[in-house]
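Peer 1: With chain A's structure known, arrange chain B on it following the hints.
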Amino acid sequence: MTKTEVIAKGLTRRALLASGAAALATPMLSRRAFAAPTELTMLAWYGHAEPDIVAEFEAENNVKFVPKYYTGGDNMLGLISQSPPGTFDVILSDAEYVQALNAAGYVEELDPADYALDEYFPEFQQFPGNWQDGKLFSLVTRFGFLGVAYNTDALTEAEAATYNVFWAEKLKGKVGHFDWHLPNLGQMSLLNGNPAPYDIDETAWEAVKEKTMSLRPQIGGFFDYGGTFSSLNDGQMLAFCGIGDWITGVLEKNGAKVRTVIPEEGGLQWSECFSIGKGSQKADLAKKWIQYITSAKGQAKSAQMAAYPALIPNAKGWEVLQAENPDEARRQGMTKDAGNVMDMIRAGRIKYREWPIQQDLETWNDFWSEYKGA
Amino acid sequence: MVPEPQALTLPAGGASLPAGAPSAGVRPTMRRRISLYGMTFALPLLIWQILFFFFPLVFLVALSFWTVRNFAMQPDFDTVNWATMYGRTVFWQAYGTTLALAAAASVLTSLLAFPAAYAIAFKLSDSARRWAIFLMVIPFFTSYLVRVYSWQIFLSDNGIINVILGWVGLGPFPMLNTVLATMIGYLTLSFPLVVLLQLFSLAFIDRTLIEAAHNLRCGRVRTVFEVVIPSARTGLVIAALFAFILSFGDFVSPIYLGGGDPTTLSILITDTTKSGQQWPRAAVIALTMIGTLMVVAFAAVKFAYKGKST
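Chains as they are written, first to last, in the numbering used here: chain A, 7 to 380; chain B, 257 to 566.
Simulated from the structure, these hints should not be mistaken for lab results.
Note that CB positions come from ideal geometry on N, CA and C, so glycine has one too.
It is possible that some hints are incorrect.
[Said to hold, decoys possible] Some chain B residues close to chain A (C-beta under 10 Å, calculated; not the full set):
id, residue
1, Thr323
2, Asn326
3, Gln408
4, Gly514
5, Thr528
6, Thr548
[Stated by the list, open to error] Stretch-level coverage of chain B by chain A, calculated; a stretch enters the list once three of its residues show a Cβ under 8 Å from a Cβ in chain A:
id, stretch
7, 340-346
8, 428-440
So here's chain A without its partners, still in its complex pose (with noise of 0.2 Å):
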């Protein structure tokens, strides 16, 4: 049979219209493939928007994050406060910042039958600064602690375990600060026994500020994200003061030898909280974003960011990381071992990272300044 026999034999009329009508059919049953994908702004520190964070949700919802990523909490205020409402649908705050959020009506309110709270330790539940007045209006992602970081050719852990480390004769120059206040300084409180290392009267404050300032010939720099990286990386600095796992955590996976161990005298607790910007158009997808990166698979996600590591509060995802990671799992402590995450919590060793209570802020700040030039 001949090719031309073979099309006037075999491509009867039923079988054109049926082609045609499949052909005209083809973009109304794929049309959300070929619909172009709604943008969801986000305020977030990097890494929040990055693909191994949100691609599979952007794939499966049609949507295309646009990252605004702020350097500092501050500058995250800063950038909220200077742009019309509903400009970013998706907000990424540090706990200490989500009071101003709400005390400035930046962030919507939210219903927490939306989401897998009793999935979250119970410690998560009811956390600080989430709710006010009995609304809830940001949820807890993620969290970690500072603590000493060191170098591990340099130090032992037991060396390391206490923040008079330090003062070691031979950290004389090779010991760092991240360049912020808050973290370093309550670290030295932590370090005066204070049991609230940010709600200390003046006279604690004033020892702190003694403490601090006694500290500084063995100072050798003041880094920013990409120089606490790089010093830490290269060795120019054995100790670090203000840091966690969220950096030596990143440096430690990529053959650095450098760790973070929570010294005696305990640690701090970072935390990062999703909010929905007032005024967002898009409140339901954005919703649907935050159901999923606190759901237990989005948070196991969460646990293993590129950018930097962290811990989850939502207890089966610590169950789906140990099984897809149970080496990260180890890592961080996210475990049923005794002396996992929540046990240290449980044992009050970690406190809160929070804004002075006695003191305000810029008073913190100027005093670091002045270490600074010392």
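Peer 2: For chain B alone, kept in the frame of chain A given last:
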């Protein structure tokens, strides 16, 4: 094949007045009427200055009187930012540090650049001179930030310099996160520009003056100090001024090579904005920097043209 860089041939016998130029003491009649042709050339500069210098400066001045409430800036007229910043010891410490570092960078860069510029101007052939100028321009092809980061590889305790020193049993010497490293960064920033500015100044020295000095049995070194440098004074001072300006406002070297220690004014600006969104106070620091640079620039220009008719 790499093409040979073109042009930039410098006069061998120094600058001379073109034929028909008015002789000294005779002033040509100036046209007072502003022509459309003249405005075509002058207006872009004027518009540029108004848009990108005058307006931002006015805004910066206004901003310095604003206040911050709940992390949001409020238009206001309050001198609290000026009083706060000028009342702080750390501000004056940073000011003194920045001034000293910039002055040192300016002197050091000028001293190191001069032999290079002198050699390029007087010792090299035309072809070699073109290549030398080309090589001085090449650093501008890459980001300053990248160049500064690459210095970290050389200067760190385990870096290239200390490894080489280790081969001969020396070191390691701490270099990164020191004032030395900051100074190296400043040199990286301004050295090529200073060489070029010095070079153009040296190239236009009247060579007959140098020949006359030699004929009068003036030694080479003395000729440099008594003929070359005074003749090229304007360009040398302007080059040093550029080194000062660039170093005074630089943020990258003090933070990435100096480790943020000691605090300079540029670092203090970021510190001020980082906590509490205190942009108005940062504006006070910025205006102080601009004021200082203007005073230094006017003084330098006055010195550069001292005794010269303009």
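Peer 1: Work down the list of hints and note, for each, if the structure agrees.
Peer 2: We went through each hint and held it up to the structure:
no. : hint    : in the structure
1   : Thr323  : violated, 13 Å
2   : Asn326  : holds, 6 Å
3   : Gln408  : holds, 7 Å
4   : Gly514  : holds, 8 Å
5   : Thr528  : holds, 8 Å
6   : Thr548  : violated, 18 Å
7   : 340-346 : holds (count 3)
8   : 428-440 : holds (count 3)
Violated hints for the displayed structure, listed by number in ascending order: 1, 6.
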